[in-house]
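Protein chains: 2
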Amino acid sequence: MATLDDIAKLAGVSATTVSRVINNYGSLSEKTKTKVFSAMQELNYQPNSLARSLKGKKTQLIGVILPGVSNPFFGQMVQEIEDQLFKKGFKMILCNAGNDAQKERDYLRMLMANRVDGIIAGSHNLGIEEYQKVGLPIISFDRYLSDNVPIVSSDNYQGGQLAAQSLISSGSKNPQIITGSNRPNSPTNSRLTGFKDVLEKHDLSYNLIELPFSSSPNIKSLKIKELLTNKKIDGIFCTDDLTALLVKQQAQALNLQIPTDIRLVGYDGTNFIQNYHPELTTIMQPITDIVTMMIDLLLKRIDDPDCQLEKNYVLPVKLIMGKTTL
Amino acid sequence: MATLDDIAKLAGVSATTVSRVINNYGSLSEKTKTKVFSAMQELNYQPNSLARSLKGKKTQLIGVILPGVSNPFFGQMVQEIEDQLFKKGFKMILCNAGNDAQKERDYLRMLMANRVDGIIAGSHNLGIEEYQKVGLPIISFDRYLSDNVPIVSSDNYQGGQLAAQSLISSGSKNPQIITGSNRPNSPTNSRLTGFKDVLEKHDLSYNLIELPFSSSPNIKSLKIKELLTNKKIDGIFCTDDLTALLVKQQAQALNLQIPTDIRLVGYDGTNFIQNYHPELTTIMQPITDIVTMMIDLLLKRIDDPDCQLEKNYVLPVKLIMGKTTL
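From first to last, the protein sequence lines are chains A and B.
Position 26 of the first sequence, counted from 1, bears residue number 26 in the UniProt record's numbering, the numbering being contiguous throughout.
Position 262 of the second sequence, counted from 1, bears residue number 262 in the UniProt record's numbering, the numbering being contiguous throughout.
It cannot be assumed that every hint is accurate.
Copies of the same chain look alike in the list, so a pair counts if it works inside one copy or between any two.
Here are the simulated DSS-like pairs of lysine-lysine, each with C-alpha atoms no more than 30 Å apart in a straight line [as the list claims (entries may be wrong)]:
no.	residue 1	residue 2
1	K33	K223
2	K35	K318
3	K300	K33
4	K87	K35
5	K318	K173
6	K133	K196
7	K323	K223
8	K87	K31
9	K33	K323
10	K300	K225
11	K31	K88
12	K9	K88
13	K33	K87
14	K88	K35
15	K87	K300
16	K33	K88
17	K9	K87
I should point out that these hints are in silico values taken from the structure, not numbers from a laboratory.
Since we're looking at a predicted model, the values are computed, not measured.
Can you make the complete structure from the sequences, with help from the hints?
So this is what it looks like as structure tokens:
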């Protein structure tokens, strides 16, 4: 079995450096990291699978990689994940990957090296190859990561349909959809497809604007203001609630009445939004069910790495009617 | 040196049970846990200090115990903690203790058993004794935990003063303060003291209502409605922003104009509030500075468990003027 010294020798660095790379400690060049990880791969050094193969050597640690808990949606999801894991005797190592690919990559390596039992991932900075290399049980939230990583998501297509229907029944003739960036293979794209399909049935066209998830609220607000000023739109579906709050702000500033002038529908329906913005019509994702499903699948994979799982697990959403559509 | 078997023998349970207690895995009675932890104490089994005493055996894991990340304030704080720890090569195990004393107790034990290098704690379900027993470096956010645990907080007294001043300059004659539960030794009580002292200087009296942090928003809203209906108040300082949002909601429902009828000041001033509720006058806590200070102190204690630290580290707050006071 390969040791730190073997890896150090092959990589041409000291054992201390290898240890630092594994623990991601101290300042290390990307070149050094790559040398060490190549050596680990060549010598088939797999700290985690090794650990798992030794009875009782499970760490009871789960790595969770998500965009960031300062967003109330991921805040609620992380709180739910932590709570459910705790009840099953697991602890959570949290990584907020934001839109920082290097951080996500470093975390993946740290999680592998620290022998977590499994990973829940819902970030999407890295390419497919990097997730395929991980060699640990992974379950994804709402993102395509790799063919062998099951995706748990809410029914994005149904959500898009419900949003379109509520705008139309509220009298919108010129609806608009504001999404984050649409990515190939991303389940969230179905929100757009569901929206589009319902409008087509009603012979309505729509406009689409993309506001990347990582844009600052100030920049988003500017673009929303431009949109509200220049276009003859009378209904907006935002594929997240926070963007809908910005639309509400800008509409107020421009003296546009909601829902008379502009009907508004958001997406996510967190407890936070339901408590502090009950006026907003939104599509509620079943966060508790999503988390229960992700943890259930992950524990199955941890118990039996070769167990067969579906590629997609889709949970139903709910329309929460507020005063922004009537 | 005591082994699992020694502890098992003394506690009168199997070694597997001891391991389960340490890892908090499977269903265990409180009685069994107490027996095992007493035996660990009697045999002076200190997994973490042991680990720390062996060079290179640091886990680079930090335990973080806070009320819960679904609250935007703690969400932003946790994101900042994680980000700063990551840059220093540490990973974070997150515990959302809510108001669940048993969960907080179980986590403390798990963190001790799992040999985290240190703990950041800002929850307050447990008595002083339990934090004194931990035997790990701990830094507290805004809570008195034990005499040897340094507290980092924002200047709660100054915050209370600023809130009172902004209500008064905005024309309030009958101000009100809505706080969470006031606890002995809690630094957050100073928000009330600072508020009170400024009012006294202006020969103004005030009313106080306490709404426990753990109350649901619906229950808080009911009490706020009652308050706004029955009392002749014209200004409210809420010691957290979310409660201020509920006041705004209820005032709107009762057709009370803000700030003409009711002046309103919150507390926390998270990025979330500044972005999505820029209208709210609030006292901004310097979250980044607080986190930098907590991590700096914690790493000092980890390097040298006997290093002398102050009891209190107090960082200045800022008044963010919005349209709810004018």
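Verification of the hints:
1. K33 - K223: This pair counts as neither: shortest intra-copy Cα distance 41 Å, inter-copy 57 Å.
2. K35 - K318: Neither. Shortest intra-copy (49 Å) and inter-copy (48 Å) distances fail the 30 Å Cα cut-off.
3. K300 - K33: between (32 Å within a copy, 28 Å between copies)
4. K87 - K35: For K87 and K35, only the inter-copy Cα distance (21 Å) is at most 30 Å; the intra-copy one is 40 Å.
5. K318 - K173: within (23 Å within a copy, 46 Å between copies)
6. K133 - K196: neither (37 Å within a copy, 60 Å between copies)
7. K323 - K223: both (24 Å within a copy, 23 Å between copies)
8. K87 - K31: Close across copies (18 Å), not inside one copy (41 Å); limit 30 Å.
9. K33 - K323: For K33 and K323, neither the intra-copy (54 Å) nor the inter-copy (52 Å) Cα distance is at most 30 Å.
10. K300 - K225: neither (48 Å within a copy, 49 Å between copies)
11. K31 - K88: Cα proximity of K31 and K88: across copies only (19 Å, versus 40 Å in one copy).
12. K9 - K88: Classified as between: cross-chain Cα gap 26 Å, same-chain 41 Å, threshold 30 Å.
13. K33 - K87: between (36 Å within a copy, 16 Å between copies)
14. K88 - K35: between (38 Å within a copy, 22 Å between copies)
15. K87 - K300: Within. Shortest intra-copy distance 16 Å satisfies the 30 Å Cα cut-off; inter-copy 33 Å does not.
16. K33 - K88: For K33 and K88, only the inter-copy Cα distance (16 Å) is at most 30 Å; the intra-copy one is 35 Å.
17. K9 - K87: Intra 43 Å, inter 27 Å, cutoff 30 Å: inter-copy only.
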